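Construct the entire structure; sequences and hints are all you get.
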Amino acid sequence: MISATDSAWEVRRRIRVPGLRDRTDKAAAKRALNDVDGVLRVSVDSEKSRVVVDYLVTKTDYQSLEGALEAAGVSPAAGRWARFKSGWYQNLDLTGRDNASAPAAACCSKPPIPPSRTDRH
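25 is the number of the first residue of the sequence shown in my numbering; add one for each residue after it.
FYI, nobody ran anything at the bench for these hints, they're computed from the structure.
Under the rule of at most 16 Å between Cα atoms (straight-line distance), these lysine to aspartate or glutamate pairs were calculated in the EDC-like manner:
no., residue 1, residue 2
1, K83, D61
2, K72, D49
3, K50, E90
4, K83, D59
5, K109, E90
6, K72, D46
7, K54, D69
From a predicted model like this one, the values you see are computed outputs, not experimental measurements.
Following this line, the structure appears as structure tokens:
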């Protein structure tokens with residue numbers, strides 16, 4: 025179960041996996057991604073040769089998902105566009121993780137109240 029604050033950092037990514045037509049490859053991809061910490065849901069769309077993954081950027085990132093697929097013997101697409109998209113998604117995930125760990129800023133309509141002074145006579 026994820027909390028309301030975690031759900032703000034939930035993302036959905038689609039990873040193209042050419043040759044994802046075999047039943048054993050589908051099962052291997054699903055199993056490998058479900059083993060990654062932070063993955064919430066995995067679905068395999070064999071018609072479009074892709075895996076759809078919902079995960080928390082506070083716990084994992086896109087390249088970790090690709091690495092898990094490769095380790096399971098199911099390689100993601102490797103063309104120029106796939107490399108560009110991988111880098112782009114990785115950057116978004118790392119930026120999201122940094123934003124999630126940043127301290128909360130003061131609200132402009134409620135500035136911080138200075139500590140009260142005690143006058144000692």
